[in-house]
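Q: Here are the chains, one letter per residue:
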Amino acid sequence: QSDLTQPASVSGSPGQSITISCTGPSSDVGGYNYVSWYQQHPGKAPKLMIYEVSNRPSGVSNRFSGSKSGNTASLTISGLQAEDEADYYCSSYTGSNTPGVVFGGGTKLTVL
Amino acid sequence: QVQLQESGPGLVKPSETLSLTCAVSGYSISSGYYWGWIRQPPGKGLEWIGSIYHSGSSYCNPSLRSRVTMSVDTSKTQFYLKLSSVTAADTAVYYCARHGFSSGWPIDNWGQGTLVTVSS
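As they're listed, the protein sequences go chains A and B.
Numbering-wise (my numbering), the first sequence opens with residue -13 and increments by one.
Numbering-wise (my numbering), the second sequence opens with residue 264 and increments by one.
Among the hints, erroneous ones may be present.
What the hints assert, rightly or not - Derived EDC-like pairs: lysine to aspartate or glutamate, alpha-carbon spacing no greater than 20 Å straight-line: (1) A/LYS94 <-> A/GLU69; (2) A/LYS94 <-> B/GLU279; (3) B/LYS307 <-> A/ASP(-11); (4) B/LYS276 <-> B/ASP353; (5) A/LYS30 <-> A/ASP70; (6) A/LYS30 <-> A/GLU71; (7) A/LYS54 <-> A/ASP(-11); (8) A/LYS33 <-> B/ASP371; (9) A/LYS94 <-> B/GLU310; (10) A/LYS94 <-> A/ASP(-11); (11) A/LYS54 <-> A/GLU69; (12) B/LYS345 <-> B/ASP371; (13) B/LYS345 <-> B/GLU279; (14) A/LYS30 <-> B/GLU279; (15) A/LYS94 <-> A/ASP70; (16) A/LYS33 <-> B/ASP353; (17) B/LYS307 <-> A/ASP73; (18) A/LYS94 <-> A/GLU71; (19) A/LYS33 <-> A/GLU71; (20) A/LYS33 <-> A/ASP73; (21) A/LYS33 <-> A/GLU69; (22) B/LYS307 <-> A/GLU71; (23) B/LYS307 <-> B/ASP353; (24) A/LYS30 <-> A/ASP73.
Claimed, not checked - Covered stretches of chain B, going by a simulated chain A footprint (3 or more residues, C-beta under 8 Å): (25) 275 to 282; (26) 303 to 313; (27) 361 to 369.
To be clear, the hints were calculated from the coordinates, so they are not data collected in a lab.
C-beta atoms are modelled at their ideal positions from N, C-alpha and C, and glycine is treated no differently.
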């Protein structure tokens, strides 16, 4: 299992939109529509924001959206708010032959 | 509402075995889903350790497989993690969690995490 690749940091001003990418091999990100995104504030447990590439759990703002093209998944946050400042992690299911989860290294989002 | 709570020693000596318990409330482990362990070294990212089904079927991160033992007690609605031969590199916040929603194992419920330090 190899970590998925994310940018170390992104930033944006309130009201703007940002996109965080997540690249992995065809054996997980590229092979399945099972990419999830998590938000983690300092000292807190991660929170599921997106599952199955683009689905939002109940209660998650529609400012958060996900997509995928080939081996790269993306999380877009529109209308940035101060409370969005956090670490974001992507993850992918690794398949039915070797079930498991692999995470990206995480992206620190700074709201300027 | 599903709640998960980790418990166990906060300090483990090098070469010894780390043992953690996850208590689940608000949902019966026997009803389904995989239940997992994830860790996060201080200042670093998330690492999946392994996950277990109520039947006992389990899968582990290949990099940790030789040292990991997981088990589940459905009557107590608890599941367990043992990590043997620990070193300082195993110092981390350990989370227990539920893989819900879909076949793709998204983690929809997390415990609050417990810090385990490996030190003599």
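Q: For every hint, state whether the structure bears it out.
A: Hints versus structure:
| no. | hint | in the structure |
| --- | --- | --- |
| 1 | A/LYS94 <-> A/GLU69 | 13 Å, holds |
| 2 | A/LYS94 <-> B/GLU279 | 34 Å, violated |
| 3 | B/LYS307 <-> A/ASP(-11) | 13 Å, holds |
| 4 | B/LYS276 <-> B/ASP353 | 11 Å, holds |
| 5 | A/LYS30 <-> A/ASP70 | 14 Å, holds |
| 6 | A/LYS30 <-> A/GLU71 | 13 Å, holds |
| 7 | A/LYS54 <-> A/ASP(-11) | 17 Å, holds |
| 8 | A/LYS33 <-> B/ASP371 | 7 Å, holds |
| 9 | A/LYS94 <-> B/GLU310 | 17 Å, holds |
| 10 | A/LYS94 <-> A/ASP(-11) | 16 Å, holds |
| 11 | A/LYS54 <-> A/GLU69 | 25 Å, violated |
| 12 | B/LYS345 <-> B/ASP371 | 23 Å, violated |
| 13 | B/LYS345 <-> B/GLU279 | 10 Å, holds |
| 14 | A/LYS30 <-> B/GLU279 | 28 Å, violated |
| 15 | A/LYS94 <-> A/ASP70 | 10 Å, holds |
| 16 | A/LYS33 <-> B/ASP353 | 23 Å, violated |
| 17 | B/LYS307 <-> A/ASP73 | 11 Å, holds |
| 18 | A/LYS94 <-> A/GLU71 | 8 Å, holds |
| 19 | A/LYS33 <-> A/GLU71 | 13 Å, holds |
| 20 | A/LYS33 <-> A/ASP73 | 10 Å, holds |
| 21 | A/LYS33 <-> A/GLU69 | 14 Å, holds |
| 22 | B/LYS307 <-> A/GLU71 | 17 Å, holds |
| 23 | B/LYS307 <-> B/ASP353 | 12 Å, holds |
| 24 | A/LYS30 <-> A/ASP73 | 11 Å, holds |
| 25 | 275 to 282 | violated (count 0) |
| 26 | 303 to 313 | holds (count 5) |
| 27 | 361 to 369 | holds (count 7) |
Hints 2, 11, 12, 14, 16 and 25, counting from the list given before, are not met by this structure.
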